[in-house]
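Novice: Take a look at the letters that make up each chain.
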Amino acid sequence: MLSPEAVEALLLSLKVASVALVFALPLAVFVAYALARWQFPGRNLLQIAVYLPLVMPPVVTGYLLLLALGPNGFFGRPLESLFGIEFAFRWTGAALAAGIMAFPLLLRPIMLSFQNIDQRLERAAETLGASPLTIFATVSLPLALPGILAGAALGFAKALGEFGATITFAANIPGETRTLALAVHTALQRPDGDQLALGLALLSVAVGVVAIGFAELPLSRLTRKLAERRASKKALNGDGAGDGEGHRRA
Amino acid sequence: MRGIVVLEVDISHRFGSFRLEASFKAQSGVTALFGRSGAGKSTLVAMVAGLVRPDAGRIRLGERQLYDSAADTNLPAAARRVAVVFQEPRLFPHLSVWRNLTYGRWAGRRSGNQDPDAIVELLGLENLLERAPDGLSGGEAQRVSIGRALLADPEILLMDEPLSQLDGARRAEILPWLDRLAHEVGVPILYVSHALDEVARLADSLVVLSEGKVVASGAVEDVMRRIDLGPATGRYEAGSLLHGTIESHDPDYRLSRIAVGGDHVEVPSIDGAAGDPVRLRIRARDVALSLAPVAGSSIRNCLSATIAEIVEEDGAFAEILLSLGDHADTGSAEDYPFLRARLTRKSVAELKLRQGERVFALIKAVAVERQSGR
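Quick note, the sequences are listed as chains A and B, same order.
At position 107 of the first sequence (counting the first as 1) the number is 107 in my numbering, and the numbers step up by one without a gap.
At position 51 of the second sequence (counting the first as 1) the number is 51 in my numbering, and the numbers step up by one without a gap.
In short, the hints are calculated from the structure, not lab data.
Mixed in with the good hints there might be a few duds.
Restraint-style ranges between C-beta atoms, simulated for each label pair [said to hold, decoys possible]:
hint: 1; chain 1: B; residue 1: 211; chain 2: A; residue 2: 145; range: 23 to 29 angstroms
hint: 2; chain 1: B; residue 1: 38; chain 2: A; residue 2: 137; range: 33 to 39 angstroms
hint: 3; chain 1: A; residue 1: 120; chain 2: B; residue 2: 172; range: 53 to 59 angstroms
hint: 4; chain 1: A; residue 1: 120; chain 2: B; residue 2: 222; range: 34 to 40 angstroms
hint: 5; chain 1: B; residue 1: 115; chain 2: A; residue 2: 145; range: 30 to 36 angstroms
hint: 6; chain 1: B; residue 1: 117; chain 2: A; residue 2: 145; range: 30 to 36 angstroms
hint: 7; chain 1: A; residue 1: 54; chain 2: B; residue 2: 197; range: 57 to 63 angstroms
hint: 8; chain 1: B; residue 1: 197; chain 2: A; residue 2: 145; range: 53 to 59 angstroms
hint: 9; chain 1: B; residue 1: 180; chain 2: A; residue 2: 213; range: 48 to 54 angstroms
hint: 10; chain 1: B; residue 1: 25; chain 2: A; residue 2: 145; range: 41 to 47 angstroms
hint: 11; chain 1: A; residue 1: 120; chain 2: B; residue 2: 112; range: 20 to 26 angstroms
hint: 12; chain 1: A; residue 1: 120; chain 2: B; residue 2: 62; range: 48 to 54 angstroms
hint: 13; chain 1: A; residue 1: 137; chain 2: B; residue 2: 222; range: 46 to 52 angstroms
hint: 14; chain 1: B; residue 1: 25; chain 2: A; residue 2: 116; range: 54 to 60 angstroms
Not everything, but these chain B residues come out facing chain A in the computed CB check (under 8 angstroms) [claimed, not checked]:
hint: 15; residue: 60
hint: 16; residue: 84
hint: 17; residue: 92
hint: 18; residue: 94
hint: 19; residue: 103
hint: 20; residue: 104
hint: 21; residue: 107
hint: 22; residue: 108
hint: 23; residue: 109
hint: 24; residue: 148
hint: 25; residue: 152
Glycine included, C-beta positions come from ideal geometry on N, C-alpha and C.
Make a model of the complete structure from these sequences and hints.
Specialist: Here's what the structure looks like:
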């Protein structure tokens, strides 16, 4: 049913977006936490820098990446000659471009949820003997989870559909950097490509729906759980909810 | 255990125009840090806990220096082993009650000798362990918060007005738990409050803070009988604490007879066997004075007393400090229990009350509040 070309583009898109998310998400969590909690020199500059990809033309982002990490780029050349790491015109470059473009979308909901955490809870954890890292892992991170999931969903969707920066930085190489969006673009350039373009477009929509569904599922479950808790608060009022033995042994 | 100094605080700090210059010691048992809101109590708690850094001074807990501006010592909160029960429970909403209770163990790596099961039982939390904090009532949540603090194995437990966010019924529900806890767990407690009834019920010693300064400190009964606490305690609640023992009960009228000093008072029935020690709190405004024993009156308590001090104020009132009992035999007023009375200045003038004069203190039985059973 799907042409080999389409399958190849789909798999590549998933690989590029997944790798972009795997690297961008932890970084986004860290940067979001730093921006939400810490005062440090250069904080405003960092804030501007991370939102730049959102407001600049994607082509410009791609071009800047090329200047920095291209074969003759400022960082690209030493990276290549010293470590043999290449980004430009590779699928890794596509993933990098997608990750950078998705970063602001990842960051925003995560930062908001960190800002919304009642910091008095973190102070309480401190008085109970927890180290800053433990507080982050046991209090801040779990409480920010809804925002992290929302950010991951948005970021993944964005990475999946990234076009401008990818084509500029990683070019449009079949099997290497031709993701779904680029494949649609390529098909449209061909006189006989309408059918293929439509198929690829429908495929993108389907993948986007599935991706958002996957990310929304834990989010809605979380929301439901919160709603249930509130309901049970009213309903129970003094009724025992169990003897707690299971938890004690846990 | 009593009498050992656990905590020594001597700090100075300023924010804006407010100056906090407090120096006090807390002993084993319950030390109340008392004062009106804005007196600097919560800031002091935050400083002892390590959440606010004082400008200068020293804080010492047992053998350890928690803070010393001269030596540049400032232990982080996590290393202080000072647990705090805050005004609001601050339970972690994503963790069950049990995970909250044991947070100090699994996240804080504290162990210690407090047995979780014993604390759960002491605070009556057996049926709540698997619940989420969202499903708890205010009183239940605060009990969990207290248990969580205790299970973090603290060397001292700070309680920052733990009942202030609860309504009257919830307060009444949780006070007996606090009372039990204060006497059963053996962890020294610094109890911050602006409610005199809580202090009278729970505390062994009392530190009074007013406008950032310690204005009085000592054993709770000593401090509470001192007349100069008016501005800090608030007039409405000012009163005195009497130590007595249960003499007998009157089951027909539901009254108990309590021996106080050489005299006795009748109060609404209280639990306990004859010979049990008991603390009674009598508000100054509930005490009237008479020059002769009163007959033909509904007032059940008429105690012989000597006027130790009269403080007349600018307004309508005067504060009288009474020494209960007949002083002829020993002569030293310090040996007798003290009682505070609040009269109008006009009464003082008309009755020609003077220091050293023998009077009778009249107390309506219904005005006596029973305090903790010690």
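Novice: Give a verdict on every hint.
Specialist: How the hints compare with the structure:
1. B:211 / A:145: 23 to 29 angstroms: Once the Cβ atoms are compared, 45 angstroms apart, the range 23 to 29 angstroms for residue 145 of chain A and residue 211 of chain B is violated.
2. B:38 / A:137: 33 to 39 angstroms: Check passed, 37 angstroms falls within 33 to 39 angstroms.
3. A:120 / B:172: 53 to 59 angstroms: Violated, since residue 120 of chain A and residue 172 of chain B (Cβ atoms, about 26 angstroms apart) do not stay within the stated range.
4. A:120 / B:222: 34 to 40 angstroms: holds (36 angstroms)
5. B:115 / A:145: 30 to 36 angstroms: At 33 angstroms between Cβs, range holds.
6. B:117 / A:145: 30 to 36 angstroms: With a Cβ separation near 31 angstroms, residue 117 of chain B and residue 145 of chain A satisfy 30 to 36 angstroms, so the hint holds.
7. A:54 / B:197: 57 to 63 angstroms: holds (58 angstroms)
8. B:197 / A:145: 53 to 59 angstroms: violated (43 angstroms)
9. B:180 / A:213: 48 to 54 angstroms: holds (53 angstroms)
10. B:25 / A:145: 41 to 47 angstroms: holds (45 angstroms)
11. A:120 / B:112: 20 to 26 angstroms: holds (24 angstroms)
12. A:120 / B:62: 48 to 54 angstroms: The hint (48 to 54 angstroms, Cβ to Cβ) is violated, given that residue 120 of chain A and residue 62 of chain B are roughly 27 angstroms apart.
13. A:137 / B:222: 46 to 52 angstroms: Holds, at about 49 angstroms.
14. B:25 / A:116: 54 to 60 angstroms: violated (41 angstroms)
15. 60: violated (18 angstroms)
16. 84: Cβ of residue 84 of chain B sits 5 angstroms from chain A, so the hint holds.
17. 92: Holds - the Cβ of residue 92 of chain B comes within 8 angstroms of chain A, reaching about 6 angstroms at its closest.
18. 94: Where the cut-off is 8 angstroms and the nearest Cβ of chain A is about 5 angstroms from residue 94 of chain B, the hint holds.
19. 103: Holds - the Cβ of residue 103 of chain B comes within 8 angstroms of chain A, reaching about 5 angstroms at its closest.
20. 104: Check passed: Cβ of residue 104 of chain B comes within 4 angstroms of chain A, closer than 8 angstroms.
21. 107: Given a least distance of 4 angstroms, the restraint on residue 107 of chain B holds.
22. 108: holds (3 angstroms)
23. 109: holds (6 angstroms)
24. 148: holds (7 angstroms)
25. 152: Cβ of residue 152 of chain B sits 4 angstroms from chain A, so the hint holds.
Of the hints listed earlier, those the structure fails to meet are numbers 1, 3, 8, 12, 14, 15, in rising order.
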